[in-house]
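**Q** Residue-level listing of the chains:
2 protein chains.
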Amino acid sequence: MRYSSLFGKSIYGDQSGNKFVSHHLLTKGGFIRESTAGRYYFLPLGWRVHEKIRRIIKQEMDATGAQEMLTPILHPIELWQETNRTDTTGFELMTVTDRRGAQFALGGTAEEMIVDVVRKFQISYRDLPFNIYQFSTKFRDELRARGGLLRVREFVMKDAYSFHRDEADFQKEYQRMAETYTRIFARMGLNTVMVEADNGYIGGEYCHEFIVESDVGESRFLMTADGSYAAHEDVARFWREPINLDDPLKDFQIIEQPAWVQTMDDNVKHYGLPKAHYLKNVVYRHIASGEIIIGTIRGDLDVNKAKLEHAIGAIGQLEEATEDDLYRLGTKPGYVHSWGHAARYIGDLSLTTVRNFIGGQKEETTDSINVNYGRDFECECLADIAMAQEGYLTEDTHIPLIEKRGIEVGNIFQLGYHYSQKMAGAVYVDSDGSEKPFYMGCYGIGLGRTMAAIVEVHHDQHGIVWPASVTPFHIYLISLRGREADAAQLHDQLEAHGYEVLWDDRDESPGAKFTNADLLGIPVRLVLSSRTGDQIEWKRRGDTEAELLSYEEVLQRLAAIYQGEL
Amino acid sequence: MRYSSLFGKSIYGDQSGNKFVSHHLLTKGGFIRESTAGRYYFLPLGWRVHEKIRRIIKQEMDATGAQEMLTPILHPIELWQETNRTDTTGFELMTVTDRRGAQFALGGTAEEMIVDVVRKFQISYRDLPFNIYQFSTKFRDELRARGGLLRVREFVMKDAYSFHRDEADFQKEYQRMAETYTRIFARMGLNTVMVEADNGYIGGEYCHEFIVESDVGESRFLMTADGSYAAHEDVARFWREPINLDDPLKDFQIIEQPAWVQTMDDNVKHYGLPKAHYLKNVVYRHIASGEIIIGTIRGDLDVNKAKLEHAIGAIGQLEEATEDDLYRLGTKPGYVHSWGHAARYIGDLSLTTVRNFIGGQKEETTDSINVNYGRDFECECLADIAMAQEGYLTEDTHIPLIEKRGIEVGNIFQLGYHYSQKMAGAVYVDSDGSEKPFYMGCYGIGLGRTMAAIVEVHHDQHGIVWPASVTPFHIYLISLRGREADAAQLHDQLEAHGYEVLWDDRDESPGAKFTNADLLGIPVRLVLSSRTGDQIEWKRRGDTEAELLSYEEVLQRLAAIYQGEL
Chain A
117 MRYSSLFGKS IYGDQSGNKF VSHHLLTKGG FIRESTAGRY YFLPLGWRVH EKIRRIIKQE
177 MDATGAQEML TPILHPIELW QETNRTDTTG FELMTVTDRR GAQFALGGTA EEMIVDVVRK
237 FQISYRDLPF NIYQFSTKFR DELRARGGLL RVREFVMKDA YSFHRDEADF QKEYQRMAET
297 YTRIFARMGL NTVMVEADNG YIGGEYCHEF IVESDVGESR FLMTADGSYA AHEDVARFWR
357 EPINLDDPLK DFQIIEQPAW VQTMDDNVKH YGLPKAHYLK NVVYRHIASG EIIIGTIRGD
417 LDVNKAKLEH AIGAIGQLEE ATEDDLYRLG TKPGYVHSWG HAARYIGDLS LTTVRNFIGG
477 QKEETTDSIN VNYGRDFECE CLADIAMAQE GYLTEDTHIP LIEKRGIEVG NIFQLGYHYS
537 QKMAGAVYVD SDGSEKPFYM GCYGIGLGRT MAAIVEVHHD QHGIVWPASV TPFHIYLISL
597 RGREADAAQL HDQLEAHGYE VLWDDRDESP GAKFTNADLL GIPVRLVLSS RTGDQIEWKR
657 RGDTEAELLS YEEVLQRLAA IYQGEL
Chain B
117 MRYSSLFGKS IYGDQSGNKF VSHHLLTKGG FIRESTAGRY YFLPLGWRVH EKIRRIIKQE
177 MDATGAQEML TPILHPIELW QETNRTDTTG FELMTVTDRR GAQFALGGTA EEMIVDVVRK
237 FQISYRDLPF NIYQFSTKFR DELRARGGLL RVREFVMKDA YSFHRDEADF QKEYQRMAET
297 YTRIFARMGL NTVMVEADNG YIGGEYCHEF IVESDVGESR FLMTADGSYA AHEDVARFWR
357 EPINLDDPLK DFQIIEQPAW VQTMDDNVKH YGLPKAHYLK NVVYRHIASG EIIIGTIRGD
417 LDVNKAKLEH AIGAIGQLEE ATEDDLYRLG TKPGYVHSWG HAARYIGDLS LTTVRNFIGG
477 QKEETTDSIN VNYGRDFECE CLADIAMAQE GYLTEDTHIP LIEKRGIEVG NIFQLGYHYS
537 QKMAGAVYVD SDGSEKPFYM GCYGIGLGRT MAAIVEVHHD QHGIVWPASV TPFHIYLISL
597 RGREADAAQL HDQLEAHGYE VLWDDRDESP GAKFTNADLL GIPVRLVLSS RTGDQIEWKR
657 RGDTEAELLS YEEVLQRLAA IYQGEL
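First to last, the protein sequences are chains A and B.
Just add 116 to the spot in the first sequence (first one is 1) and you have this note's numbering.
Just add 116 to the spot in the second sequence (first one is 1) and you have this note's numbering.
Everything labelled a hint here was simulated from the structure, so no lab data went into it.
Where hints are given, some of them may not hold.
Identical copies carry no separate label here, and so any pair may be met within one copy or between two of them.
With a straight-line cut-off of 27 Å between C-alpha atoms, the simulated DSSO-like cross-links for lysine-lysine are [to be verified]:
1) LYS174 - LYS254
2) LYS254 - LYS236
3) LYS125 - LYS288
4) LYS288 - LYS236
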C-alpha cells in the first residue's frame, strides 16, 4: 500500500501532552486518535495491529476447542437484576432505555447474557464441557480515563465462558486457559506474570491476572524472585512475624500521656518501641448504607481497602471516612479508639502477633497500655486486611516479596456456581436425570490495552518497535527520488509473496521518511535510492546500520523473520 | 469438530411461531437465538457463517483499496447536533448519558464520526481520495422488529465512507463500489438488483439499494424486464400519459351532484369518465409542527408519502391525517378540497395531464367541474409525489414496469457536500492552498440481514442449503454405530487438508443424523456406516441420491467444490 493513500498519517506536531509512551507514539504515528476521553478511533494502521492481536487470540482459543459466538451489546436489565449486579457494579454500568420503555445495560462483561443463552437450551451432561467466547465492544463508565488505550471507557474484549459438570473438570480448563494466555501474550512479544488477583464484581472464589511488568501499569503486585508466588496487592498474603508473643501478659492500664504525643512517630519517640507495638485504626464509610467500618491493625501495617471490602462482602462499597464522619462518630483524626465507637470493627490477623499493645483508646492526655486482643478488646472478626509490602515474606515459604507494577492485559476467573445458582434454570441434566447447576469459569483479554502494553514494552527513543507477529505491515519501503518505478515493481513483487508492504511514496525528504519509518516501527525497512544501485538497502528496526542486499537475500531474510506469520 | 461438543445444537421442537423461513431455520438449526425482540445471539454455528460473510466483504473491499478502521460505538451527541440529525432521525436514535453527564448517541450510522476523525487531520489534495470502512455494531430503535435477522434493533454493519476532491472523482468510486457490491453478493450466492432508492435520513442527492428478490422482503420496487431501469417505489419515476390535453378548455362550474356520489367509484358511475378525470386529495400532518399538507393528484394515482416528504424536505416527518385533523381543518373524509383549506397544497405532476377535471371542491350536494390546474387552482408546487405501479411505463423510454419485492442487503449513497458543509473544518487543502469541503459517499451492508437473505434464497423443505462460500462447515460427517474410530481418522485427515468438518458423533439414530444434516445445510454429507465398507458415502445437500466413493474421489470432489474457499 502507498503511504500517500493511507488515511491517518503521522502527526508532525508536539504530542507531549500524552503522558504515556504508548499513548504518545500510537497517536503520533497515526494508529489511534481520541474521540472523547477514553474512547478512541482505531485508524487503519492501528486497526491492522488490533486485528493481528485478535487473530492470534482466536487461533489459540480455537486450538483449545473454544467456540466463537456473539451476544448482543444491549443486555436486558432484568438479567443483571437476577444476579444483583445492578447494585454491585455500581457506577460503572451504563444503561439505556428504548422508546418502548425497555431498559438495557451496555455490556461491560457478559456472564448473565451467556448464562441466559445457555439456559435456553436443554443442556445435558453430554454437551459439557464447552467454552464459548466472543470479541465484542465493552463499556465501562470509568470516572477517569487514563493514558490512551491503557484505561478506556469503550474497548474490544475477548471474553470467554466455560461450562462444566463439576469443579474437577473446570480445573482442567482453568489450567488450559492459563497456559493458552501465556502463549497468546508470548506470541505478541509480551512476557506475562500470572498473578493471584481480586475477583471484584465478577464474583467467584479466585482468579488470576496476566500482567506485563511496566512502570506505567496500574496494577501493583508482589512476587518472589523465583516466581513461586505472585499476587496483586489486593490479595497478596504475607507472613506476620510474631513480635513478642513470649512476653508475659501485663495488666491493662490507662496512663497519662503528654499532649504532644499524637502521631505514630510521636509514639515511637515517646515509648521507645517500634511501630509494631501500637494499635492503629483506619475508618471507612459504606457508600450505600452510611455504616462506619473501622479496620484495626498493627501499627507498622496499613489497611488494604479491597481486602477489607472482601472481609465484609462489600466489594467496591467503602470510602475513606471524612473528618465529618469522625465528628459524627464522636471523635476526630488521631483519636479513633480500637473499641467503643458505634462502628463495625474488623481486625487484621496481625492483632494476635503482639502482646501488650500501646494505644487503642487515646484521649487528649491519656492512652491505654498493655492492651491485649481477646482479653481487653475484640473485633467482629479477624481477617487479612493488611497491605503487603516489598520485603515482607510469603505466608508459608517465608521468601521475600518484591514489589512490581504492571499492566493487566488478561484475567481468568473461577466462577463456580456464582451465576448458575443465582439465575433460574441455569442447569444441565446429569446422567441420572437430575438437574444440576453448571460450574463455570470466565476468561478475558482487552485487545486495546494489550496493544498499548506491546508499545510500552517495545519502543525506543525514535518510536515503536513492533514484534513481527503484530506489525501493521511487514515492510516499510522507501523510494527516494528517481526510483519510484523500481519501488512500484518491488512493492508488487513482495506483495505477491504475501508480504504487507507500506511504501512511502511521498514527495518528502529522505530524513522525513527515515524518521517516519522509525516512528511507525515496522520491523523491516527497505530503501531504493540512487545509491543502492541494483541492490536494496536493508535495515531492521532497532539496528543502527543498514546493509545492501540482493533481492534474493531480502526474500530469505524476510522469510526467516515472518515465518508462520503470513 | 464433534457435533457433541458444539454449543447451540438443533432444537427439536416446533418453531412454527417464526413466520419467515430464515428465522425458522436459523433458530431451529442452532445458528441464532433471540435475546430480546430484534436482538439476537449468534451461536457458534451462525457466527461461522457471519464471519465468512465478513471475510468476503473484507476481501472485496480491501481489493478496491478501501481501508478498515473502527470508530467508537458511542458518538458524542454534539456531532449529531452539528448536522441536525438528532431531529431528522427521529425516534430511531438511542441516546445514553454517562455519569459525568456527557450525552452520546448509540451509533446507527457513522457519517459524523468519520467526518470528525478525518477533520482532525490536515487532509491535503494529495491524501485524496480514500475510502475507510468498519464492521461495527449498529443500533436502531425500531418500533417493530420483524422476522429474525430481517429487521433487527442491533446488528453488525459494514459501513464505508469515501472522500474525494470533486464529484468526478467520487463518481469513479461510486461505480467501483456498485461493481464491488454486486460481486460481494454474487460470491455469497445472492443475485442482487441495483435499485434507485430513497436516501432517507442519510442525506445526499441519490443512492442505490442492492436488493435480493424475495416475497418476504420489505422493499417494493419497480423494474423493467430488460433491467434498464429499477427503482424503489419511493423514488420510482414513471410516465404520466396525457389524458385529454387536446380537449378544449371549458368554463369552471359548480354543479349539483346527487348525495350518493361520494367515492371515486361513485364518480366513475355518475359521470361515466375513468378515474383519471377526477381530482383526489390526500391529507397528511407534519408530526413535529402539526402543519397540514395536502397532496393533490389525478384520481387514478396514489400519493407516495416518501416522495411527498422529499418534495417538502420533511423526511420521515409526515403522518396520515386523522379524522380529527380533518374536522379541525373544517372538513371530513371524502370532502377535502383541492384548494381553500388552511393547508400546504403539493400537487402531483399528473395535474397537468388532464383538462377539465371533475371535483376539487366537493360539498354535500355540489361539486366543481371543468377544473383546470393553473387557471382555477394552484398548489405550492408541482412535484413527483405519485406511487408507481406495475404496468406503468418508464418516464423516458416508455417500457412497462414490473413490481417486485425484495430484501435490501446493501446500499450506496452519494453524500456530496451534505456533511462537509454542515460540519466545521471538514475540508482539505487544495493544490492552490485554499481549503475546500470534501465530496463524500457512503456504502453499507448489513451482515445479519445478508445471512437471512441467503437462507431465504437457499433452502428447501428439509432445511438450509448453504452456498459453499458461507457454509459454517465444509463437511457434515456422520458416523454410524461401530465406525466411530474410522470417522475420527477421516475427520482428522480432512481437517489436515484444510476442510472444516462437523462430525455428528452423537449416539443418535441414523434418521436423526440425516435429518440434522439436511437442516443445517452443509453442502457435503459424508457417511461411514457398516454398509459403506472401505468407501465413503457422498451426498451433496440438495441431491436425492448418495454414492459410494473412495477417499481420493472424495478429496477430488471437495477440491472442486471448495476451490478458493479454504
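**Q** So, against the hints stated earlier in the document, which numbers end up violated here?
**A** Of the numbered hints, all hold.
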